[in-house]
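Knowing the structure of chain A, use the given hints to seat chain B on it.
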Amino acid sequence: MTRDYVFRIRRFDPEGEAVPRWQEYALSMEPGERVLDGLLRIKETLDGTLTFRRSCAHGICGSCAVMINGRNALACQSLLGDLPGRLTLEPLPALPLVKDLVVDMEPFFRLNELVMPYLINTEEPPERERLQAPGEQLKVLQSITCIMCSCCTSACPVYWSDREYLGPSALLKAYRFIFDSRDRAEGERLRKVANPRGLWRCHSIYNCVEACPKGIDVTRHITEMKRLAVRRRLRG
Amino acid sequence: MRRHLTRHTLDAVVIGSGLAGLSAAIEAARAGSVAVLTKLYPTRSHSGAAQGGIAAALGNEEPDSPEWHLYDSVKGSDFLGDQDAIEVMCEDAVRTVVGLEHMGVPFSRTPEGKIAQRRFGGHTRDFGAAPIRRACYSADRTGHAILFALFEQSERAGVRFFPEFQVLDIVLGDGRCRGVIALEIATGQVHVFNTRAVLVASGGYGRIFKTTSNAHASTGDCLSILYKAGLPLEDMEFFQFHPTGLYRLGILVTEGARGEGGVLLNGRGERFMERYAPAIKDLAPRDMVSRAVMTEIREGRGIGGREFVHLDLRHIERKVLEERLPEITAFSKLYMGIDPAEAPIPVEPTAHYAMGGIPTDRDGRVLADETGRTVEGLYAAGECACLSVHGANRLGCNSLLDTVVFGRRAGAAMRPALEELPRGEVGREDTSRARERIERALNSRTGERPGAVRAELERTMMQSCSVFRSAGGLTALAGELADIKERARFVSLQDKGRRFNTELLDALELSHLVDLAEAVVHSALARTESRGAHFREDHPARDDKEWLKHTFVYKAGKGVRCAYKPVAVTRFQPEERKY
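Residue numbers (our numbering), protein chains in the order written: chain A, 1 to 236; chain B, 1 to 579.
Since the hints were made in silico from the structure, they are not lab data.
There are no misleading hints in this set.
Okay, derived cross-link-like pairs now, BS3-like style, lysine-lysine, Cα gap no bigger than 27 Å in a straight line:
id, chain 1, residue 1, chain 2, residue 2
1, B, Lys-333, A, Lys-139
2, B, Lys-210, B, Lys-558
3, A, Lys-139, B, Lys-319
4, A, Lys-139, A, Lys-192
5, B, Lys-558, B, Lys-228
6, B, Lys-485, B, Lys-558
Next up, chain A with everything else stripped away, as it sits in the complex (with noise of 0.2 Å):
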């Protein structure tokens, strides 16, 4: 059974206009379909202009990652069904407009450079695998669910005030290696994030989490890094 959506989406085009506008569409969907298909049909039958990204379609790239209702989601995890007949789509807040809902993840990318994103374990490696219990997995089995979509970052207010702010996703990224009980340079990274650039510029104000379309809590995350960090005496 299909029904009526309105999508008024915010658009800009760099090459002809100096501001962003509103423009809305009207479609006949079902509600079961997603907010993806809803921009796909868009592009496809009404109007080629139309600029956002895609790729996966079932939320594991995080390509398609957008302002919704005020809320940053992806839009192929989104069903029609759950959101009201008229739908605002906006490009992801704090990150620089490029084009329509496209936005330059560059600064986002980067703030995650910052914390040394890898494993790092200088000792000879064993013949096999190095063992992990599952309970020492189980630390930093959350943590890698992340896809760097980057909802939570451009949801973050500290963010939006301080483009220094390493943000949710970096310091999600930290925890990561921190907890793995593989690696080696928990000390160094710690020392990377436990900064007022870093951990104590987190307020604990949950957007991350409410934004997080994966259902990470990266507040409870940055908390344990904050306590450990005390107990280390790293006070940035």
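Structure of chain B alone, referenced to chain A:
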């Protein structure tokens, strides 16, 4: 467009940042400067959507051996796989998985802390006796876990990334590869990369079909670019359908679900796989299960007589579902409104994996023809390449293994080239040609929209060239394709801008998809037998006398030309494939 042309001089360019490209880049970066070009961001490659696992005879859960893995892969391939190459892959599997673990991949663990393993289709002990636990996994996000670890380690290794760069041309000439021309999507600027070596690791092209597990980005651009340049593609008739795609959406529901005990049920509530593969039932290889599902549906035994069957996980403990299959549990709830612990999941076969692709040798060198001649400075690995280790049908978990093993081998094979080969030069005429193509697409004002033509392509391919095929259907399809190809040439765009013009990308991708569809259909029409994923209703039997050989399809004028190469048979003589 700004006329300015940006030139880059690097030792090697890797196209694609999935598992194969990153594995290769890490290796090659030890010998020189390496750039990775991707039309997405590196963490967004379709490798990240791989769910179930990576195969290796670790023997962590029960005794296993690389020889059994070899046998399973050869038999799974319906004896079309090259056994010398499969042997390399299976022998290297244990070292590969251990190496990934050392790089930081969070594999799921046994209680003792070792890498856990589970059952998967076609994985057996003692040469087919019974199912075995060989798949190493990270819950049901194995590809995601490996992709992130490889991306992280490649950044650490100093690999340079060019995200959101769409490759326009891979420049060949004077018997070698000279470089790459690419479009910077954000600005519309053309970039030239002069290099000593190029590795193509650009993934699959499931988007030629309507129902597919593949990402929107999986359009086979680089295969088509090389094919247009006169190089052959190998075994294109073999396209794998995964039996359990989410009904209507095609989203993959991992075979790991059956590995954990899930069963398929038809409209009468019967476990129908018992009739098709009495020994290993629901864990039969994908080609057999896909045909079984389609047969049930065609004979009216779909659920309520409709076009799907049920994947039943209700008897599996909720804790196991949450720990080992959390992703599919989450998206079954989201997209179908179904909790797999309480209701069965509606599934149908979905286009999943291209066994065919750019022909290579075991070190990733691209073959210029069926005689084994190579193209200097050009390499390929991963789903876009064809070794062939998967033959006519790939076993689950062998694709991740293939990408890492042969990605790494190709990267290592590039190292001497990075020191010895002179740097190639991309000429002015090459860049003008690429630019003209863009201008033509932007300025066309009379044709249809790209989406409309692509929908037609996907529909016809699905109808006549999927799980079941026949001469009649394929011949008609070949005719329709010629027409679709003409329409694709003249699509017109509404977006005339230079910056982030995704409609332009749609048009470029469409031109690649129609080429690949043509290669698939003509290869399939020529092969008058049934083997693995290629099932001809008018020739239902396998014909080893005539067809134990690989297809090499070339562009020839307006049509195609097929040539053939014998299969490498070393250890196991072809036998009837029963499970």
